[in-house]
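S.K.: Chains A and B supply the protein sequences, listed in that same order. Take the first sequence: its position 78, counting from 1, is numbered 78 in our numbering, and each next residue is one higher. Take the second sequence: its position 65, counting from 1, is numbered 65 in our numbering, and each next residue is one higher.
Worth flagging that the hints you see were computed from the coordinates, not collected in a lab. If you're wondering where the values come from, they're calculated on a predicted model, not measured in any experiment. Where hints are given, some of them may not hold.
Here are some of the chain A residues that sit facing chain B, going by a computed Cβ distance under 8 Å [unchecked claim]:
1. Gly78
2. Glu120
3. Thr123
4. Thr126
5. Leu140
6. Ser152
7. Gly156
8. Glu237
Here are the simulated lysine-lysine pairs, DSBU-like style, with alpha carbons at most 30 Å apart [said to hold, decoys possible]:
9. A:Lys144 - B:Lys49
10. B:Lys92 - B:Lys49
11. B:Lys49 - B:Lys4
12. B:Lys70 - B:Lys49
13. A:Lys232 - A:Lys254
14. A:Lys241 - A:Lys254
15. B:Lys92 - B:Lys4
16. A:Lys34 - A:Lys241
17. B:Lys92 - B:Lys70
18. A:Lys144 - B:Lys306
19. A:Lys241 - B:Lys4
20. A:Lys232 - B:Lys92
If you only want the chain B side, here are some residues facing chain A, beta carbon under 7 Å, derived [to be verified]:
21. Glu41
22. Gln42
23. Pro44
24. Ala98
25. Arg104
26. Arg109
27. Arg112
28. Leu143
29. Arg341
30. Ser343
The C-beta atom is built at its ideal place from N, Cα and C for all residues, glycine as well.
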Amino acid sequence: MAKGAQVEIGNRSGLAHIEVRGMTMAYGDFLIQKDLNFTINQGDIFIIMGGSGCGKSTLLRHLVGLHPPAAGEVLYQGSSFWQLAPNERNALMRRMGVLYQGGALWTAMTLAENIALPLEEYTSLTPAEVNELVSYKLSLVGLKGFEDYYPSEISGGMQKRAALARAMALDPETLFFDEPSAGLDPVSARLLDDLIIELRDSLGATIVVVTHELASIFAVGNNSVFLDAASKTMIAEGDPKRLLTETENPIVRKFLTRGEEGYP
Amino acid sequence: MQSKSLTISYLTDNSVEISLLGDWCLTCEVVTWQSFQVQFEQYPEPPEKIDFVSSDLESWDSKLLLFLVKLDAYAQSRHIPVNWDGLPDGAKGLLRLATEVPERSGARRRTRTRSLVYRLGTWAMDGVEELTGLATFLGEWLLSIGRFFTGRASFRWVDFNRFLQSAGAGALPIVGIISLLVGAVLGFVGAVQLQMFGAQIYVADLVGLGVVREMGAMMTAIIMAGRTGSAYAAQLGTMQVNEEIDALRTMGISPMDFLVLPRTLALILMLPLLCLWSDALGILGGLLVGVSILDIALLEYLQQTKAAISLADIATGLIKSLIFAVVVSLAGCLRGLQSGRNSAAVGNATTSAMVTAILLIVIWDALTTIIFNRLGI
Ligand SMILES: Nc1ncnc2c1ncn2[C@@H]1O[C@H](COP(=O)(O)OP(=O)(O)O)[C@@H](O)[C@H]1O
Ligand SMILES: [Mg+2]
Chain A
1 MAKGAQVEIG NRSGLAHIEV RGMTMAYGDF LIQKDLNFTI NQGDIFIIMG
51 GSGCGKSTLL RHLVGLHPPA AGEVLYQGSS FWQLAPNERN ALMRRMGVLY
101 QGGALWTAMT LAENIALPLE EYTSLTPAEV NELVSYKLSL VGLKGFEDYY
151 PSEISGGMQK RAALARAMAL DPETLFFDEP SAGLDPVSAR LLDDLIIELR
201 DSLGATIVVV THELASIFAV GNNSVFLDAA SKTMIAEGDP KRLLTETENP
251 IVRKFLTRGE EGYP
Chain B
1 MQSKSLTISY LTDNSVEISL LGDWCLTCEV VTWQSFQVQF EQYPEPPEKI
51 DFVSSDLESW DSKLLLFLVK LDAYAQSRHI PVNWDGLPDG AKGLLRLATE
101 VPERSGARRR TRTRSLVYRL GTWAMDGVEE LTGLATFLGE WLLSIGRFFT
151 GRASFRWVDF NRFLQSAGAG ALPIVGIISL LVGAVLGFVG AVQLQMFGAQ
201 IYVADLVGLG VVREMGAMMT AIIMAGRTGS AYAAQLGTMQ VNEEIDALRT
251 MGISPMDFLV LPRTLALILM LPLLCLWSDA LGILGGLLVG VSILDIALLE
301 YLQQTKAAIS LADIATGLIK SLIFAVVVSL AGCLRGLQSG RNSAAVGNAT
351 TSAMVTAILL IVIWDALTTI IFNRLGI
């Protein structure tokens, strides 16, 4: 995974990285969201927000290529994801890292094996180099020394961080986080937020975060989309801090102020 | 090759300047740590400071960070201060993250090789533990049965009905087909031998007795061990992984009553019935061979079968199958509850449930055959 972009991040940011055009998401006949149109720029920390069950995880699954949209398209740097040949699509998926809602570490493997698997699969590194890289990735998330632990032997927060280390194994260009701070104590959640910002700044990655933690939304996000479960479409987009002061939409206001404002 | 990825210059103020060059990516060839160290230590005295220049660095990723992390540790061990300022901002940030949280002491695991005696001892102790585990489980299960009959076991009849369905009616086709075929094979093999003596009519005795006393019970038990016992192990093992069993315990619901009891009772009720079904189809298989190949009249075959089998023979098979049901269902549930908390452990639990059940079935079958034989039943 050569990453020629890193030294010139500054000038690349602001370019469209992922574009969603007229997308409809459905499970069979069951419509989840329709008419989704938004753009995620290079270097963004992009927040997908909305109430429980509005389709945030579903949208993430569409963005990472686990699920084809019922209508519309997802463009990665201009090329339509679902129109690519399967091998090109796989190559593109390898440049993404995903942190699933439940962590989704492979429980039968140690943390080291979890992180080593993509490295062994997609790079020609020697076993010694893989081991070094695994230790380095674990040290990035503060888990140095836990190489030989199984996921069931560490706490939930540590599992989340280990899953993050696995998501970063191949130095992805785009990182997707599904509710990264859910189930973490406030201090760990805050550290994770800092880590997300640090990773964007250092890796130059584009980061897409599903979350409904208001503190995280305002702390890390610089762009966002708000999905509404009732009208089954997006009802706001833009910088969350700006949305808070500017939006007229009562549902968004209510969400961003924890129900203290909005709805007369 | 090493000239491409970095140069080391020794400056007059007794400091060293490392210039990073070209591409530092996971798939690129860069200077190895060993050759860097050799190059670095050419200078007789350790330098007072290390500086970086990265103006000619084209691209970088984790590869560069691996080098920097090593350099950091190396410099610290030799007490050389490093000034990271010349590095790209991102690399500095990542390096800070990687070195920020010190390794938790005692976290790392060491593997030790043990002596033969030690391993033998552990093995024996594991064996004892396994046996006590088995006995405890059996005891708890009997207590749970007691609670069931006094109406104090928490138990969902919906679950029970579902298990009855899947362990009973759901198993009819597979048990039927296998019994029919085994009956036919038995009949055919017997026929070839018996025909030589003109005693082909005794095929009915051979198939009838063989199926009713032995094969019927044994085949059903083995099929059900593969079909239902292992399913029990997989279900309970997965519940173990998801902490569902812990959730039951903390609510004061006994997993034994709630999970094990309905499964075992369902199989204990159904296996003898399946055994009768298997007996009938085994005899039918023999009959098909007898009538079609040996030209025995249908009625004659049936009469011969009826004369050969006594009620005691059928009872023998049923008693065996009752015990097999206990063995299969308990092995499945026990292994499921003993399962570890990961996907491989659930697989092991399933395999081990099968192996335990089949082993116990065969041992028990051999024992009863000998006992019944001695008792003249
Ligand atoms: N595999 C599935 N099949 C059918 N419906 C699903 C499936 N997964 C999720 N849903 C439905 O889609 C909706 C959105 O789910 P999800 O994207 O998980 O919501 P959230 O915004 O909380 O992440 C929910 O109403 C859920 O019931
Ligand atoms: Mg979700």
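S.K.: Does each hint hold? Answer for all of them.
M.R.: Consistency of the hints with the structure:
With its C-beta approaching chain B no nearer than about 22 Å, Gly78 of chain A sits outside the 8 Å limit, and its interface hint is violated. Checking Glu120 of chain A against chain B by beta carbon gives a least distance of about 12 Å; that is not within 8 Å, so the hint is violated. The beta carbon of Thr123 of chain A comes within 5 Å of a beta carbon in chain B, closer than 8 Å, and the hint placing it at the interface holds. Because the smallest distance between the Cβ of Thr126 of chain A and any Cβ of chain B comes to about 11 Å, over 8 Å, the interface hint for this residue is violated.
The criterion of a C-beta within 8 Å of any C-beta in chain B is met by Leu140 of chain A, whose closest approach is roughly 5 Å, and the hint holds. For Ser152 of chain A, the shortest C-beta to C-beta distance to chain B is roughly 4 Å, which falls under 8 Å, so the interface hint holds. Annotation: Gly156 of chain A was flagged as interfacial toward chain B, and the flag is violated, the nearest CB pair being 11 Å apart, outside 8 Å. The beta carbon of Glu237 of chain A comes no nearer than 28 Å to any beta carbon in chain B, farther than 8 Å, and the hint placing it at the interface is violated.
Simply put, Lys144 of chain A and Lys49 of chain B have alpha-carbon atoms about 27 Å apart, close enough for the 30 Å limit, and the pair holds. About 17 Å separates the Cα atoms of Lys92 of chain B and Lys49 of chain B, which keeps this hinted pair within 30 Å; it holds. Simply put, Lys49 of chain B and Lys4 of chain B have alpha-carbon atoms about 23 Å apart, close enough for the 30 Å limit, and the pair holds. The hinted pair formed by Lys70 of chain B and Lys49 of chain B meets the criterion: a straight-line CA distance of about 16 Å does not exceed 30 Å.
Between the alpha carbons of Lys232 of chain A and Lys254 of chain A the distance comes to roughly 17 Å, so the proposed pair stays at or under 30 Å and holds. Distance hint between Lys241 of chain A and Lys254 of chain A is fulfilled; the C-alpha atoms sit about 14 Å from each other, no more than 30 Å. Only pairs whose Cα atoms come within 30 Å are accepted, and Lys92 of chain B paired with Lys4 of chain B is accepted, the gap being roughly 22 Å. Restraint check for Lys34 of chain A and Lys241 of chain A: the C-alpha separation of about 25 Å stays at or below 30 Å, so the hint holds.
A distance of roughly 14 Å separates the Cα atoms of Lys92 of chain B and Lys70 of chain B; the hinted pair therefore holds under the 30 Å criterion. A distance of roughly 75 Å separates the Cα atoms of Lys144 of chain A and Lys306 of chain B; the hinted pair therefore is violated under the 30 Å criterion. Proposed proximity of Lys241 of chain A and Lys4 of chain B is contradicted: the alpha carbons are some 47 Å apart, above 30 Å. A hinted pair counts as satisfied when its Cα atoms are at most 30 Å apart, and Lys232 of chain A with Lys92 of chain B does not qualify at roughly 44 Å.
Nearest Cβ of chain A to the Cβ of Glu41 of chain B: about 21 Å, over the 7 Å cut. The hint is violated. A distance limit of 7 Å between C-beta atoms decides the matter here; for Gln42 of chain B the minimum to chain A is near 25 Å, and the interface restraint is violated. Taken as an interface hint, Pro44 of chain B does not check out: its beta carbon lies about 30 Å from the nearest beta carbon of chain A, beyond 7 Å. Here the hint on Ala98 of chain B is kept, as its CB sits about 4 Å from the closest CB of chain A, short of 7 Å.
At its closest, the beta carbon of Arg104 of chain B sits 6 Å from a beta carbon of chain A; the interface hint therefore holds under the 7 Å criterion. For Arg109 of chain B, the suggested interface contact is upheld, since its CB lies about 4 Å from the closest CB of chain A, less than 7 Å. Violation of the interface hint for Arg112 of chain B is found here, the shortest Cβ-Cβ separation to chain A being roughly 13 Å, above the 7 Å cut-off. With a cut of 7 Å, the hint placing Leu143 of chain B at the interface with chain A is violated, because the nearest CB-to-CB distance is about 30 Å.
Because the closest C-beta pair between Arg341 of chain B and chain A is about 4 Å apart, less than 7 Å, the hint holds. The beta carbon of Ser343 of chain B comes within 5 Å of a beta carbon in chain A, closer than 7 Å, and the hint placing it at the interface holds.
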